[in-house]
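Please model the complete structure; the sequences and the hints are all you need to start from.
Protein chains: 2
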Amino acid sequence: LYRTLLMEPEGPAPRVDSARPITVPDTTRIRIVNFILNCRTAAGDTFEDLVKDGVFETRFPLHKVRGCLGARPEGGAGGGALTQSPEQGKENLKRTWARWRNMFRKQPIDDIRNYFGEKVALYFAWLGWYTCMLVPAALVGLIVFLSGFSLFNASQISKEICEAHDIYMCPRGDHRRRYQRLSDTCTFAKLTHLFDNEGTVIFAIFMALWATVFLEFWKRQRARVVLDWDLYGWDEDQEEVALELINCPDYKLQLHQHSYLKSTIILILSLLMICLMIGMAHVLVVYRVAAAAVFSSSALPFLEDQVTTAVVVSGALVHYVTILVMTKVNKVVALKLCDYEKSRTFSERESKFTVKFFTLQFFAHFSSLVYIAFILGRINGHPGKTVRLAGLWKLEECHLSGCMMDLFVQMAIIMGLKQTLSNCMEYLHPWLSHKCRSMRGSEARDPELRDWQLNYRLNPVYTFSLFDEFMEMMIQYGFTTIFVAAFPLAPLLALFSNLVEIRLDAIKMVRLQRRLVPRKAKDIGTWLQVLETIGVLAVIANGMVIAFTSEFIPRVVYKYRYGPCRQGARSSADCLTGYINHSLSVFHTKDFEDPVRIKGSENVTECRYRDYRNAQDYNFSEQFWTLLAIRLAFLILFEHVALCIKLVAAWFVPDVPQSVKNSVLEQKYEVLLGKLRGGPRQ
Amino acid sequence: LYRTLLMEPEGPAPRVDSARPITVPDTTRIRIVNFILNCRTAAGDTFEDLVKDGVFETRFPLHKVRGCLGARPEGGAGGGALTQSPEQGKENLKRTWARWRNMFRKQPIDDIRNYFGEKVALYFAWLGWYTCMLVPAALVGLIVFLSGFSLFNASQISKEICEAHDIYMCPRGDHRRRYQRLSDTCTFAKLTHLFDNEGTVIFAIFMALWATVFLEFWKRQRARVVLDWDLYGWDEDQEEVALELINCPDYKLQLHQHSYLKSTIILILSLLMICLMIGMAHVLVVYRVAAAAVFSSSALPFLEDQVTTAVVVSGALVHYVTILVMTKVNKVVALKLCDYEKSRTFSERESKFTVKFFTLQFFAHFSSLVYIAFILGRINGHPGKTVRLAGLWKLEECHLSGCMMDLFVQMAIIMGLKQTLSNCMEYLHPWLSHKCRSMRGSEARDPELRDWQLNYRLNPVYTFSLFDEFMEMMIQYGFTTIFVAAFPLAPLLALFSNLVEIRLDAIKMVRLQRRLVPRKAKDIGTWLQVLETIGVLAVIANGMVIAFTSEFIPRVVYKYRYGPCRQGARSSADCLTGYINHSLSVFHTKDFEDPVRIKGSENVTECRYRDYRNAQDYNFSEQFWTLLAIRLAFLILFEHVALCIKLVAAWFVPDVPQSVKNSVLEQKYEVLLGKLRGGPRQ
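Protein sequence lines, in the order shown, are assigned to chains A and B. Going by the numbering used here, the first sequence wraps up at 797, each residue one higher than the last. Going by the numbering used here, the second sequence wraps up at 797, each residue one higher than the last.
Derived from the structure by calculation, the hints contain no laboratory data. You can take every hint at face value.
Same chains, same label: a pair holds when it works inside one copy or across any pair of copies.
The calculated DSSO-like cross-link candidates involving lysine-lysine, where the alpha carbons are at most 27 Å apart (straight line), are: (1) K674 with K274; (2) K334 with K467; (3) K783 with K457; (4) K467 with K776; (5) K457 with K334; (6) K467 with K457; (7) K451 with K776; (8) K550 with K443.
Here's what the structure looks like:
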């Protein structure tokens with residue numbers, strides 16, 4: 116009838132439980148039972164084999180329901196650990212944690228630990244801490260953005276752009292070519308100034324520092340939490356071996372293995388995958404270029420006006436879909452690679468999987484952004500002689516008001532979509548499937564059986580459930596730090612998303628999914644290194660955004676080298692007066708291949724474009740090289756200064772708080788004292 | 116009469132020894148006794164107080180002399196541990212290790228460990244390993260240097276310089292101004308080409324990789340050695356506490372302390388000291404400038420011809436003396452800072468002292484080199500209008516054949532002096548003082564007393580004896596890696612020096628110094644981090660040397676942008692034809708303030724100088740900016756690529772060899788098995 120959830124207690128199980136004191140917490144009991152189930156039975160069958168043979172259908176730990184089931188002494192049975200201490204049950208967690216109204220309350224980490232095990236508790240502790248630390252970052256980001264607002268109209272540059280009625284911009288794209296007045300881009304120029312102002316540089320440095328401080332404080336926080344759990348000196352290897360030994364006394368030790376050949380093959384395969392990811396980014400580029408051509412030539416007149424917008428938005432959408440698809444592909448590839456590597460223990464395997472999967476995911480998510488930030492619009496040539504893809508399509512150019520705009524739009528769309536859609540999906544999918552399953556099944560009479568049935572109908576969990584949550588947060592962390600200079604609202608978005616995410620995950624875990632098999636852990640593992648790597652990448656990427664994408668450097672250079680405020684020249688005008696005229700190169704319309712085919716070409720003899728080239732042979736001008744040198748110098752300076760600041764900050768804040776260090780020392784002291792007191796007898 | 120070397124066995128000592136099994140190695144016994152002596156006696160006096168009061172004069176462990184003294188059971192007495200296992204004595208070490216003829220033989224690390232303790236043994240193991248690893252580096256360096264030789268005459272650039280009889284260089288310096296033919300610098304140009312060729316770039320990348328591989332392999336080596344010594348899981352804190360507890364049962368635990376205020380103050384003080392070091396470098400600059408002025412104006416005619424050489428050599432000498440002086444100053448400052456910080460244990464204090472002292476020493480040694488490599492000759496202005504120090508002295512300019520020459524000479528002098536002089540001093544000083552003391556003292560009759568007397572006459576050792584050796588090697592490692600691009604012979608020099616150094620240190624320790632108090636250690640401590648830091652700095656510094664000091668970039672750019680091989684231009688000439696003419700700027704002699712006062716100015720209308728400036732207004736030309744941009748781009752590329760290679764290499768070579776990992780795991784397994792077998796009884 117009902118697929119059995121019960122199974123015969125296997126041989127060694129009672130021995131384990133009796134060997135341990137009776138006050139073992141649930142989590143430990145579940146772990147032990149789960150471990151036994153993973154072992155081979157005497158007949159040599161693993162549980163997986165039995166499932167395949169149809170003897171069992173599934174196994175999972177049951178959720179506790181307010182102690183109504185009472186304690187079952189034979190905890191080894193049933194694949195489910197039942198309540199032993201009803202006062203710390205699921206209801207408690209439901210009440211204090213997995214509710215929307217508790218959104219701004221502290222999470223009951225210890226309760227979570229008692230119910231779901233250390234690993235899940237650490238995830239939520241980390242997530243809570245991250246959300247906490249996002250508050251100052253979000254605030255500063257908002258201030259930077261708003262300070263842009265306050266200068267909305269005051270900026271000399273916007274003013275000049277809006278008044279430039281007699282400057283004609285060269286036509287871009289292949290279709291509907293016409294000269295545009297610079298003043299037409301007035302609104303966009305003002306918008307650009309919202310996030311491309313002097314505050315951005317300060318904000319980027321602030322975020323680099325923030326990332327370091329966040330990590331350091333998290334390490335301290337972790338040390339405190341883990342000390343409370345008595346796991347400070349816990350050794351995973353030892354525990355694993357102990358479990359194996361208890362279970363089967365003739366267990367053969369699995370040795371560490373390492374082969375340079377395998378490492379090399381994995382390295383090469385990973386590099387190939389990364390190339391594929393970068394290739395995907397190029398496909399996106401081709402898509403955007405092709406889409407632009409198609410949209411422009413399409414008969415729909417309303418589309419024609421908004422070609423650029425349509426292309427950008429649809430490009431971002433395609434990017435989002437690509438990311439979703441690539442995530443699946445990456446997971447499979449990373450799993451295959453890990454299988455090939457053959458790790459010794461599960462946790463080693465998980466850590467290797469983490470590194471591989473994250474690397475692939477990182478390239479999938481960010482390679483397109485890198486293209487937009489640093490390559491888009493730089494390799495186009497000049498109006499008279501543009502670079503064409505496959506000799507057909509013109510490469511995209513940056514938005515009229517600068518390349519920063521493109522990056523901003525792309526970031527906003529991707530982040531917005533990721534946050535909202537992913538969160539919704541994450542919640543709706545288990546909720547719907549849970550509903551579905553509840554509808555289908557019939558009711559059992561026995562209350563205990565009914566409870567089991569209820570549990571059975573919940574969504575199954577996989578080994579990588581928690582892993583997926585972590586991965587999602589890491590990618591989000593990447594978005595909030597790596598291109599933060601282009602999108603200062605990222606921390607704010609992340610903050611909102613995280614507040615929702617914590618409760619979503621909580622509700623999902625408590626109400627919609629079967630209970631996770633608790634796992635012990637004393638830190639968040641490889642994710643810490645991932646966070647550190649993201650921190651370093653963020654410094655490099657932000658430096659590059661400020662140096663190459665933003666117009667910060669050209670403005671500063673103009674101010675002190677060419678503008679009215681330069682050395683020697685005293686002037687009462689704004690220091691940036693004339694910047695716009697200075698930053699646009701001149702193109703003589705007669706040099707177009709087909710000057711007559713452009714609308715309104717009658718009375719325009721020269722048009723302008725964003726670049727630093729000579730008006731004679733359209734080669735790069737001296738100014739271009741000056742600027743390039745200063746941009747590069749800035750990048751080097753920014754990188755080294757920011758990394759130095761990170762180093763000093765990491766040194767300044769000790770990893771482990773003094774109190775934790777001291778209590779560890781005191782523990783050692785106690786142990787030794789005990790040994791010595793009892794020593795002479797031995 | 117003789118200052119007593121004996122002292123009463125203090126209270127707890129016998130208990131310690133009796134509590135331990137009788138086969139304790141000497142090293143452990145000496146450590147225990149030494150520890151007890153460091154404790155306060157019942158009267159509250161430390162040993163230091165007693166020394167001050169004249170009760171004792173000194174204390175040190177005795178060298179073993181071939182077991183002729185026999186085992187003394189009361190090992191706690193006399194401050195000296197005497198022989199217990201005569202077969203592993205000092206003689207053995209003397210024979211197999213501390214001899215010149217054993218220079219190329221493997222060191223008996225285990226014997227050293229048994230005699231001097233783990234810390235010294237690790238130092239020699241590291242030194243041996245480092246020397247070993249220097250062989251390939253030295254070979255490659257030599258090949259690069261020699262490949263320069265093979266091109267001695269073939270190089271197009273040298274050829275052009277040697278044939279440039281009609282190119283006049285602008286006069287440099289204030290005195291004896293005359294126009295020099297470019298062809299006069301022919302020899303120097305050829306010499307420069309020895310180390311400033313394409314091989315340098317490859318060598319710099321090779322050295323970055325080498326540094327990483329060296330470190331990784333050392334970690335593996337260390338793991339193997341330490342495993343052999345059964346120290347793998349050794350915990351310094353625990354041992355310290357245990358010793359304290361055994362000694363005085365009512366010992367109060369010293370807690371970890373940390374205060375942000377102290378950290379800040381130390382940070383600020385360190386920064387001040389670093390500024391002082393950099394200031395010293397500036398003083399050196401001023402010295403060189405002033406010396407140039409004095410030498411030039413001196414009446415001695417032979418000096419006048421060789422002003423530059425004299426200045427460079429005397430500058431390097433002064434630099435060397437400064438380094439010696441600053442080493443003393445730095446040590447005092449670092450000690451003071453450490454005292455202020457109040458560390459918990461001795462090893463913590465040592466590690467903090469290491470970081471501080473090394474940082475200061477690093478700046479003292481390298482800030483002058485940094486000036487020569489990157490600043491010298493860049494801030495001079497142009498011939499008509501030079502920058503003057505305090506309005507008086509002209510700043511130095513680079514050598515006529517490029518700034519690389521200056522760096523090479525400085526490196527060669529400093530390294531040569533450091534290696535030879537320091538080694539001599541290090542050996543001669545203890546040897547002489549030992550001789551002196553042996554002469555003075557009279558002979559005792561009692562053979563045991565005579566032996567003690569012999570030991571007493573040896574040079575005293577300090578806590579930081581080993582530390583000084585380490586520091587010396589670190590600075591040497593810095594020289595061999597940080598500016599290796601400018602001085603490819605550095606690894607070779609270091610190799611020779613190290614071969615001598617190992618034996619020198621061995622002889623010093625075995626024959627000339629009192630025996631060191633053995634100390635346990637499972638790694639080389641903070642020095643590993645220091646090595647890693649040097650590795651990263653080396654990448655940055657070498658990238659900068661190639662980008663800014665060497666003429667590699669200008670040559671490459673000329674080849675592909677301006678020269679006869681540039682795109683589109685087909686020519687059978689050497690790609691660098693015309694480079695020399697291209698790289699020199701034109702100066703019209705009529706623009707000099709005092710054109711007539713220069714010798715041979717009659718028929719010279721324009722002179723040339725090394726820079727990229729316009730011939731009209733002497734501002735930087737477009738070429739200058741192009742080059743600067745490419746130099747900076749190269750630096751960024753080089754840094755990131757080299758650091759990536761380092762990362763991959765570090766990942767590729769696991770820190771701990773598989774065999775060590777496995778035996779650690781097996782140990783754990785054994786322990787657990789034992790516990791479980793004996794478990795049910797408890």
